[in-house]
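Each chain, written out:
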Amino acid sequence: MEDYHLLSVVIFLPILGIGWVLLARSEREIKLGAAAFTALNLALSLALFCLFDRSAPGLQLVEKASWIPAINAEYFLGVDGISMLMVLLTSFLSFLAVLVSWTEIHFRAREYFAWLLLLETSILGVFCAQDLLLFFLFWEIEMIPMYFLISIWGTPPPLGRKEYSAIKYVIYTFTGSAMMLAGILLAYFYTGTWSMVELVDKAPALSIGLRTLIFFLIFFCFAVKLPMFPLHTWLPDAHTDAPTAGSVMLAGALIKMGGYGMIREVGIFPEVAKAYAFMLVIFALINTLYGAAVTLRQTDLKRLIAYSSISHMGYVLLGIFALAPLSLTGATLQMFSHGLITGMLFALVGLLYHKAHERRIPLLGGLARQMPLLAVAFSIAGLASLGLPTTSGFVAEFITFWGSFTSPIFPAIKICTIIAMICMVITAGYMLWVIERVFYREPKPEYDRTPDLGPLELAMSTLFIVGIMLIGVYPRVLTDVINPSVMSLAKALGL
Amino acid sequence: MNWYLISPQLSLGALALIIVLLDLFLKEKRILGIVSAAGLALPFGFALSLWGHQETILSGMLAVDGFSLFFCFLFLGIAFLTLLYSTDYLPRIPRLHGEYYALILLSTTGFTFLAATGELISIYLALELSSLPLYALVAFLKDEKSTEAGIKYLLLGAIASATLLYGMALMFGLTGRTELSEIAQALAAGGIREPALLLGVVLLIAGFGFKMAAVPFHGWVPDVYEGAPTPITAYISVGSKAAGFAVILRVFYQAFGQPAWLHADWSLTIAVLSAITMTLGNVVAIWQGNIKRLLGYSGIANAGYLMVGLAAASNIGRSGVIFFLVAYTLANLGAFTAIIAISNKIESDLIEDYSGMARRAPALALILALCLISLTGIPPTAGFMAKVYIFSAGIQAGFLWLVIIGVVNSVISAYYYLRVVKVMFLSQPSSEEGVPSSGALRAALAITALGVLLFGVFPYVLLHLAENATLLP
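Protein chains in written order, with the working numbering: chain A, 1 to 495; chain B, 1001 to 1473.
Just chain B, same shape as in the assembly:
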């Protein structure tokens, strides 16, 4: 039993516990943030040293492969950025304690486990580990909206977990196994009754769909996005989505590749859901006046694009999903970072209050515009390359109709993203006061903006990594 293989997850969990302990003795809570951010170097280093491993441990419960390590890096990056841009927001949270940091780290631990699970029960455990801290974090503001969002998230999350568990139980009942690779063998051998199997697959899609924010399991998104503290909104918007896609990708690619009819069935189901998801997300986003809700619906729409890669069920589909997730993470976190700085000053999340922001805070407005342009998928940004890549996976898999729906949706999205840009650059500012921001927040902004541009012009570095982030056979 080689514990070294899960050292990134273990060290991350240990870091969370250390923060809780330190919290008891430290008066100056800011130090906890610094320790958490610096402490991320440890799991990062472990993950780096593991790159290239292709093994399973705990008799198949966890897999260490390119895929899980890539997502490990992604989640560590998300946690790091979240800690950076949280600094400007934390003064607004009443009675702040170290658990804010500890909960983020614990949830990240859950996410990194989730990407590495190779077996149904560990999937469920990792999912709960990642979700429970989030329920608490969403309600952290302790005001009416935040509490409501927390309760809503908790209740709907519990229903999703139950659905997922039901699906898993059906899978176990039909195949007698919980390991993904052995389920795959049992299914390939044939002789399994169709209706129950299909029901199991659909229930799994529903359970994971909650995490991915896919329609019709998206009901929690707008309220949670609006009510949660903005840094947590940002964290959920990318972390939860990435984790959802990581786990569904592994389960469906690894376990449900055979028999052919099953493969075709779930591929088509996800393609149809994808079309509905992106269309609903984009169309409803048009009418949003609150920028956090707008990004919530944009997150739903982006889940739709991501599902194109999932439905493609191919190597290019897998690397497309990975590339898209990174591009989406950078752009979305960049946008939210700018929003945190701006809303700290103007104390509003309404788009109309962003008028003339280009005059008041040129750099912030420019980076927010850049991130929104990337979300639209216009070059030279990472979002453009991500769309090209994920749609090419769709074309390759023969989903031309889905790709056409996807590109038309991109056009719709241009309308509401550019509306924000328009308000910032065209309208008159309501005051001439600048927008202050801390060094940490500016660092987060710079990292995301650079990433968006860099992967937009030179995508091959990331593409190469994405293509090497393979699943264990």
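Chain A extracted, bound-state conformation:
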């Protein structure tokens, strides 16, 4: 399979799509083209996912070519179980992001879909790159499309502050990646390699102080992206003011780059991760509890979901730095599951706002009467978000908590896990409360003429629900793929 350069095809197919979008003659052709290219990419990723060898722990579909010989940088792609999952998630969400934009975007559609496709390429590149410089290149490219998506097609005043949010997003991301650049340059100069695979072998030769420095320089960048408290303040603004597809991509795929990067870092610097696990788990607890508490107070539906993401990313952080095989599996699952659930929630909120022209919770109410299908879909996604059994949310959170509770990493981890679990109650609280406030209570006459989900939107929601339920009922579709990678990670950690 390696001779076909399948990963390169997956990564650069959207670039071909940009070519189509730029040359297309009508808005319809633009949208059809974007949908076709993202659908093709999804099909290809699904095929790769099915062909993925579930018994091999190492990288698969490896592609290696000399890129910048002068500094040993390589065009080095490959996926292990964890990246495979993220690739699948990204191409799934990109396809749905195009569908979500179908009725919402008429203004400057050509540019819009071009940026969206470029965004897909850069995220896929991040998940496939095994050379740190290449990884960093894709990581940085992502910033520009997101800046334009938020600042041009975002929510204008008075409800939003799109330009402010866009530049805030760029400043945060760029600060993070600037630190990462310093980190990876240090790593390169002391080991002589950019390859993440070789770094696993070579990094232990460095002094512990240097490793800690590199770890935290790079970690800062991932912590901004995840986001970890107190570096999270860009997220509510960016997610709230982005166009629907932008929020779907941000919450679904982009912030997963942070979690993914942290898992990679743990593999390269296991000792540092162990030494600071307690501190980072405490940050995870703050993330979950603070995020959930702030979510309770939100009055803007989109901002509410954005804050709930911060809380849910706390679980990912907990799972990663509990440093047990099971908790790492849980964290990966949680990233995938949160991508689907929050992607769906943002898509539905976007549709609701597009149809009802309102997303302030106090001004909504009783919408289940006028928009029954949307109400059902939103309730399913909301219940999945609070971790109802048979949904992916339950499986992911259960495995994460179980993994961290049984982790031997430090004695207090049991107490920490229990504290994190309190958050599930708050999650249930705000989710059920918001469903009640938006969809139940007295119907309001001003929404009487609001249309319900159309066939395309229904199909889109069904796709999301199928994914969420499938993982909820039969998580082995994913865990089989994750396991070998997590096991080799556990070996590096000496567990």
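Derived by calculation from the structure, the hints in this document are not laboratory data. All of these numbers come straight from a predicted model, not from anything done at the bench. Glycine residues also receive a C-beta, built at the ideal position from the N, C-alpha and C atoms. Hints may be right or wrong, so weigh each one.
[To be verified] To spell it out: a stretch of chain B is covered by chain A in this simulated footprint if at least three of its residues, at any positions, have a beta carbon under 8 Å from a beta carbon of chain A; those stretches are: (1) 1386 to 1394; (2) 1400 to 1414; (3) 1421 to 1427; (4) 1454 to 1467.
Fit chain B to the supplied structure of chain A, relying on the hints for placement.
Chain B in isolation, oriented as in the chain A frame:
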């Protein structure tokens, strides 16, 4: 005495003189531009045939090595692009004569000599040869701002030259030599009193710092950038900077490598100046409303990044500076080319007047945005690779603190570069009229944009050249 070795410089100087002569007989001044641009093929060809030579001539006054030839190509490229994008601007200059072209060519001759000098006196001569035409060119518009800029540039330039000369005199007095390689030997032998030597080095840094636009010798930059005709602003912004770095690189790498304490001292001095330069340039740029002034301060900031490579004092530092200079040249010239076209139409250099430019001139706005993104250092552009490369030189030399200041500065710069992009892409256009441009200008835009992208994705071609652009031992 092999005159062939300096044929690129000689032919360039001859071309300038031919233009002055032709100017006497030709009515149609446009032909002069075409002759100048086409004539650049001659020095280019000579330089190409010399590639691979490693020699000195005129008993060590000039050096022909990979380094000087690489810069020769760079300066010829800059001159060529300057001639291309000048075509759209020249109608705005009153009483235009052939000396516009001749002065550009003469100054380029000075720059190419400057990169090849191996000895203090020839450095001074080349520096003056390159500067004098520039003073005249800056004042070429003959209006109030342009004249003021010209006078300012002349006065400050003269002070910088005097400082430099003072430093050189100290060097000569201490070592008894003017050739860089022999100064290096005399210094390595030891026995030279420290304070005078340090004073000499500091004065040299000050003199060259003027050319590089490093803080605190940057005072001329904003006014000259704003007042000069825009093509000349662009030419100075890259040419003068590249020449300054070429000469300081050669002097410091070749002459001041020994003794170790001297090396450590100037390396640290430049590192500290670098941190101040980029921080001041970036922070002040935030408040600029005039795009030429903005690019002026961005030029100061970029001098700061370049000094990281200089302070590193290593092979990767040298090739990093070279790579960065090429990337900066492409992006900056691309940006200025777009600005020339736009300001011809809207007759303003204020950023707020660029509103909705993406609607009025999509290609121009896109290329300007691309160049600004490259200046910020975001991939897939040459500016990104240049920053990676130059910061890696800093890390290798142990300047982690400087690199962290550098990357934080990149973040600050994103704010004001993206502000321009925002105005062009987000604001409503004040009119729907398009922006006309000539074929020559569009060619210059295409060359720079392609270069920015090409070296951003496939940097190894340029890196390979940069690594082979070695100095004579």
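Check: Which hint numbers does the structure go against, in order from smallest to largest?
Finding: The structure conflicts with no hint, since it agrees with every one listed earlier.
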